[in-house]
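J.: Chains A and B, in that order, are what the protein sequence lines are.
Residue numbering for the first sequence is 0 to 491, as defined by numbering that gives the first Met the number 0.
Residue numbering for the second sequence is 0 to 209, as defined by numbering that gives the first Met the number 0.
Since the hints were derived computationally from the structure, they do not count as laboratory data.
The structure presented is a predicted model; accordingly, all values stated were derived computationally and were not measured.
For each residue, glycine too, the CB sits at the ideal point set by N, CA and C.
A hint or two may mislead.
Said to hold, decoys possible - Which bits of chain A does chain B cover? Going by a derived footprint, with three or more residues having C-beta under 8 angstroms, they are:
(1) 433 to 440
(2) 454 to 460
To be verified - Below, simulated DSS-like cross-link-like pairs (lysine-lysine); rule was C-alpha separation at most 27 angstroms, straight line:
(3) A:K437 with B:K171
(4) A:K432 with A:K472
(5) B:K67 with A:K6
(6) A:K422 with B:K43
(7) B:K67 with A:K466
(8) A:K157 with A:K477
Residue-level listing of the chains:
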Amino acid sequence: MGRRNRKNQFPGGLTGGLYKPLTDEKIQKIHKAAMKVFEETGIEVNDERALKAFNEAGADVDFDKKIVRAKEDWILEKISTAPEAVTLYGRDEKHNMVLDGYDVYIGTGGTATNALDLETGERKPSNLEDVQKAARLVDALENIHYFVISCFPNELEKENIDVNRFYAALRNTTKHVMGGVYTREGIENITKYAEEIAGGRDKLLEKPFLSFITCIMSPLVMDKDYTDLMIAAIESGLPLATPTAPMAGSTSPGSLAGTLVQMTVEALSGVLLTQIIDPGHPVLFSCVPTTSDLRTGAFCFGSIEMGMMNSACSQLSRFYKLPNYTTAGVNESKVPDIQSGYESMATTLLCALSGCNYIHDAAGLIESGLSISYEQYVIDNDILGMCMRAVKGIDVDDNTLAVDVINDVGPAGNFLSHSHTIKNMQGEFFYNKVSDRKTRITWEKEGSLDATERARIMAKDILENYKPNFIPKDVEEKILKDTPGIVQNWLD
Amino acid sequence: MEKLFNNIAESVLDGDIKETKRLTEEAIEKNATAKEILNKGLLKGMNEVGVLFKEGELFVPEVLISAKAMDTGMQIIKPLIKEGDIKKSGKCLFATVKGDLHDIGKKLVSMMLEGAGYEVINLGVDTSPEKIVEAVKEHQPDILGMSAMLTTTMANMNDTIKALEENGLADKVKIMVGGAPVSPNYAESIGVNYSSDAHSAVELANKLMK
Chain A
0 MGRRNRKNQF PGGLTGGLYK PLTDEKIQKI HKAAMKVFEE TGIEVNDERA LKAFNEAGAD
60 VDFDKKIVRA KEDWILEKIS TAPEAVTLYG RDEKHNMVLD GYDVYIGTGG TATNALDLET
120 GERKPSNLED VQKAARLVDA LENIHYFVIS CFPNELEKEN IDVNRFYAAL RNTTKHVMGG
180 VYTREGIENI TKYAEEIAGG RDKLLEKPFL SFITCIMSPL VMDKDYTDLM IAAIESGLPL
240 ATPTAPMAGS TSPGSLAGTL VQMTVEALSG VLLTQIIDPG HPVLFSCVPT TSDLRTGAFC
300 FGSIEMGMMN SACSQLSRFY KLPNYTTAGV NESKVPDIQS GYESMATTLL CALSGCNYIH
360 DAAGLIESGL SISYEQYVID NDILGMCMRA VKGIDVDDNT LAVDVINDVG PAGNFLSHSH
420 TIKNMQGEFF YNKVSDRKTR ITWEKEGSLD ATERARIMAK DILENYKPNF IPKDVEEKIL
480 KDTPGIVQNW LD
Chain B
0 MEKLFNNIAE SVLDGDIKET KRLTEEAIEK NATAKEILNK GLLKGMNEVG VLFKEGELFV
60 PEVLISAKAM DTGMQIIKPL IKEGDIKKSG KCLFATVKGD LHDIGKKLVS MMLEGAGYEV
120 INLGVDTSPE KIVEAVKEHQ PDILGMSAML TTTMANMNDT IKALEENGLA DKVKIMVGGA
180 PVSPNYAESI GVNYSSDAHS AVELANKLMK
């Protein structure tokens, strides 16, 4: 007799926008302020080709000081070639994501340099096996919509990092893979084997199942190395995020609005360079506004203000008619615990409700992004599901108003066995997996486990038993033979 | 014929009441015995429901609908059932104790027990010890279930037990209790059995009937 395969009723792509931290007037003020900064202060660009490109496109370039300034009209005209919606594909088409309007997708982030051991809880430098395991876990967790490569393989030489990190990810999940890159050759070689997997360059560019991240530095700097990588990524033809991570109070003004102003200038810089070099290139308005804890100067990835600012990015990006990449769900906790739970939930929920398109860092990361925790991926899978449920909102129609059903059951009756309850029990309610809702006595019988311990059991179970849809054998053989520096042995 | 029995089981699992009715009638037309329909069809389906519920695959409302489907089939084959065809699970009497008006938990337990083949008589809410004593005399159940939602009304469980003792009924019926304030310790202190949710209530009843 058959098992019931329940469909995920709260998948990625539901439309948010119920929470709007900014009014139209506030958006205008932030925009005008950002334009003023672009015109008066400008950005520092430490790459000769980028400077020339800005100059030829008509920006005001001071080659001596490497400063690019620009006016509002020019900026708005140049970014207008960027697509309003970007589709990020999965190797399996059921994981395709259309980043449009206020549609919400939530996924993981990186790049941590440590991983908590699932057996001992010990924090260790992360390695290539951790990348594979995180990708595999995410492939199995239904509420995590894509995989931004989780951690850094510390054991590898720098020139071999890129090809192996991306291959570890692509091999273990059919969800979209995005990742930071470290070398130009890496970008080129990844693109080569991605073409192999896709069955040709045309097919890859038509349905890109991977994309790159290259950073902009706050305040207002396009770094030499990162800009070189950004240009290489643009040349690859694959979609690109160019995030900037101002820390309010230290690398941006000590105010939320001021941080959004500076961040807007930085985020637009990435979009501008992309569109100048390759008009129409799929690029995201990429935002990582964070805060500093001014009691100590500590970097804060899980502050409530961070959630508020990232939520505002959905509104700012739509003002510029661009899809957005935002950040939420990270936390400062050193282990998966209550702090990692409430900090992750607070920022992710705000961003989801505001309709951010691509909320990254929202699963698996702890310790301000310095470490991954396998338990945290499983816990965040619950959190993300709850957030998507909230995004769906309260449906009000004849079916959900249920007047006939209330009449049918009548006073002192019960709704448990009514067909209306069965019909709606999947679409109306989200069922947590980690949360314990049993009676105390059952909980005690099952070992009095807390949420982290339950998540650990679930993570172990997935890693022991779940097999992703690997890259086809013949394609893999060719990739392992042709790609310089690629590791030959992979987790079965 | 075997395929038909499987389809009956499947229809119970799906909670498809109309289909269970149709298939059961078809089986009778084809001269299947009541025992075969019951064991290879209706009960087989319900047993699978129990397994899937325990694994979390099926939800409570689905179990209750499956139980309804099984009952529909039972009503059809009832006239054909011979002595010894069915082993009755047992007869239960359920009540929310005096002063307490909460009953959704008790209803859930009742429905789950019915799904497991028990005959359940429900006395409703705010049931006095006297009323319970009368009902035990009248129905002679195997099991008496009492429920309370409030700490203040929980004590009425003990009063009821004393009333049963005074009437010489306490050792003629197995007693199980449940409800939010009730604990295993409390149940033990008043000499009765405890279960913490609807699923374990069925397990407890099965244990008490052995």
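J.: Each hint: holds or not?
T.: Structure-based check of all given hints:
1. Remark: the stretch 433 to 440 of chain A is confirmed as covered by chain B, as 4 of its residues place a Cβ nearer than 8 angstroms to a Cβ of that chain, reaching the required three.
2. Using a Cβ-Cβ cut-off of 8 angstroms, 0 residues of the stretch 454 to 460 of chain A lie near chain B, which falls short of the minimum of three, so the contact claim is violated.
3. Taken as a hint, the K437 of chain A and K171 of chain B pair is broken in the structure, with Cα atoms around 33 angstroms apart against an allowance of 27 angstroms.
4. The straight-line distance between the Cα atoms of K432 of chain A and K472 of chain A is roughly 34 angstroms, outside the 27 angstroms bound, and the hint therefore fails.
5. For the hint linking K67 of chain B to K6 of chain A, the alpha-carbon distance of about 25 angstroms falls within 27 angstroms, and the restraint holds.
6. With a C-alpha separation of about 25 angstroms, the suggested pair K422 of chain A and K43 of chain B falls inside the 27 angstroms cut-off, and the hint holds.
7. At most 27 angstroms may separate the alpha-carbon atoms for a hinted pair to count; K67 of chain B and K466 of chain A exceed this at roughly 39 angstroms.
8. The hinted pair formed by K157 of chain A and K477 of chain A meets the criterion: a straight-line CA distance of about 23 angstroms does not exceed 27 angstroms.
Hint violations for this structure: numbers 2, 3, 4, 7, all remaining hints satisfied.
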